[in-house]
Amino acid sequence: MALAACAALAPLARAADVDVRGWLDCRLVGRADERSYADGGLGKTRFGGGGVDATCAQAGVAFDAVLAPALAAHAQLQYQATGRDEASLLDAWLRYRPVSTTPLRWSVRLGAFFPPVSLENDALGWSSPWTLSSSAINAWVGEELRGIGAEGTFEWRGERSTFAGVFALVRSNDPAGELLAARGWSISDLVSGLGSRVREPDAYARDEDEAVPLRFNPFLENDGRLGWYAGASWETRGVGTISLLRYDNEADPASRSRGTSPVLSWHTDFWSLGAQSRVGDVVLLGQAMSGSTAIAPSPFFATHTDFRAAYLLAARDRGAWRPAVRIDAFSTDQLPRSIDGRVREHGSALTVALNWRPRAWLRVTGEALHVRSWRNQRELEGLPAQRDDTQLQLGLRVIF
833 MALAACAALA PLARAADVDV RGWLDCRLVG RADERSYADG GLGKTRFGGG
883 GVDATCAQAG VAFDAVLAPA LAAHAQLQYQ ATGRDEASLL DAWLRYRPVS
933 TTPLRWSVRL GAFFPPVSLE NDALGWSSPW TLSSSAINAW VGEELRGIGA
983 EGTFEWRGER STFAGVFALV RSNDPAGELL AARGWSISDL VSGLGSRVRE
1033 PDAYARDEDE AVPLRFNPFL ENDGRLGWYA GASWETRGVG TISLLRYDNE
1083 ADPASRSRGT SPVLSWHTDF WSLGAQSRVG DVVLLGQAMS GSTAIAPSPF
1133 FATHTDFRAA YLLAARDRGA WRPAVRIDAF STDQLPRSID GRVREHGSAL
1183 TVALNWRPRA WLRVTGEALH VRSWRNQREL EGLPAQRDDT QLQLGLRVIF
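First residue of the sequence shown: 833, per the numbering used here; consecutive thereafter.
In case anyone wonders, no lab produced these hints; they're calculated from the structure. Do not take every clue at face value.
[Unchecked claim] Just the calculated beta-carbon pair ranges, DEER-fashion: (1) Leu1105 with Arg929: 24 to 30 Å; (2) Asp1172 with Val852: 51 to 57 Å; (3) Asp1220 with Asp1165: 17 to 23 Å; (4) Arg1069 with Pro1094: 47 to 53 Å; (5) Val852 with Leu936: 48 to 54 Å; (6) Leu1116 with Leu1001: 32 to 38 Å; (7) Arg1189 with Asp1084: 21 to 27 Å; (8) Arg1189 with Phe1132: 56 to 62 Å; (9) Leu1076 with Pro1190: 36 to 42 Å; (10) Gly882 with Cys858: 19 to 25 Å; (11) Pro1094 with Asp1165: 24 to 30 Å; (12) Asp1220 with Leu936: 48 to 54 Å; (13) Gly882 with Phe1132: 39 to 45 Å.
Glycine included, every Cβ here is placed at the ideal spot set by N, Cα and C.
With the sequences and hints as input, model every part of the structure.
Below you can see the structure in the form of structure tokens.
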């Protein structure tokens, strides 16, 4: 898929206005002790299993082209070291936004894109400019959510305030939500590309009598039904922005993919509320999410998992030295309570980072992440349900 996207984008390189940017992200990592979810464990961090390691975590290229005054194209390709190294397409879309000479402006976007959930991840490769590890909310969005379809937006721009609305019809995201039910939240920066196969916990695979490692593609269309999201935001100059989004993939919880290893559909819906403001040189971000994901694979079994998460982040965004701190809280609860082997979790995380940006193309980041979590699924592997773990990283990001 990544090679096909490159071929499709080749003609854009001859457009009148093209911006091509690449990035390379390398790390020195002090791994958390618990085995990482990326390796089939139940750890909440990207790197686990103990010890110190050096890795090039991600590399990629982003294409942005202005094809006409009202027409723009965008695509991002990545190579990511995940224990199953792969090249993939993150997103690719065309946007039509006619020139407006009035307060009202509108646009239409077609393609594959991230739902506008995150206030945090607006850098290349859908990463955060403040920390190496994303919040629990946006770590999940990066791994399991992508809209493939059409999105319309409008803006009303006043002298001091701007009101914006968005509505989209999307498909090919029916399995989204399975990770929250199967392993819970994570604090990480892994981002799934289209066609990626993300790993389930080995404990979950064995409980379901499946072979290890068990992987699935979260970007499948199983039932032919369109999902949707709708949102609104209000920005006031000198005060900040507040945004609200409702998402529903409208998946039939009884449907599944075809083949010898079918992937179940999860009916996933949530509300997301976010706010951003500034005090001097310090930017303040906050976001909360509440939703549920459900399956009903047979007439005799149905279950759903309620999930909630929130974070607060404060960061300095001027100067060469830019510290940041973030607090996360998260939980999941499988229902009904009578279900055999019911899985629950709750936890919190503290992330402290210091960014050094001596040049526009260079970023050096030191990060300490501590996660405290309780998840009874750990007992299936003979481990205590309660876990405290710390991950340390020194990251070098070069943009070219």
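Satisfaction of the hinted span 47 to 53 Å by the C-beta atoms belonging to Arg1069 and Pro1094
holds, 51 Å
Quick check: does the Cβ-Cβ distance between Arg1189 and Asp1084 fall within 21 to 27 Å?
Violated, at about 47 Å.
Consistency of beta-carbon spacing, Leu936 to Val852, with hint 48 to 54 Å:
violated, 33 Å
Should the hint that Gly882 and Cys858 are 19 to 25 Å apart at their CB atoms be regarded as holding?
Check passed, 21 Å falls within 19 to 25 Å.
Evaluate the given range 51 to 57 Å for the C-beta pair formed by Asp1172 and Val852.
Taking Cβ atoms as reference, Asp1172 and Val852 lie about 54 Å apart, which means the hint holds.
Is 39 to 45 Å respected by the C-beta to C-beta distance linking Gly882 and Phe1132?
holds, 42 Å
Can the suggested window of 17 to 23 Å be confirmed for the beta-carbon pair Asp1220 and Asp1165?
The hinted range 17 to 23 Å holds for Asp1220 and Asp1165, with Cβ atoms some 21 Å apart.
Is the hinted range of 32 to 38 Å satisfied by the C-beta distance from Leu1116 to Leu1001?
holds, 33 Å
Could one say that the CB atoms of Asp1220 and Leu936 fall in the range 48 to 54 Å?
The hinted range 48 to 54 Å holds for Asp1220 and Leu936, with Cβ atoms some 52 Å apart.
Using the C-beta atoms of Pro1094 and Asp1165, is the stated range 24 to 30 Å upheld?
holds, 26 Å
CB-CB spacing for Phe1132 and Arg1189 relative to the 56 to 62 Å hint
Given range 56 to 62 Å: holds, Cβ gap about 57 Å.
Could one say that the CB atoms of Leu1076 and Pro1190 fall in the range 36 to 42 Å?
holds, 38 Å
Hints 5 and 7 from the list above are not met by this structure, while the remaining hints are.
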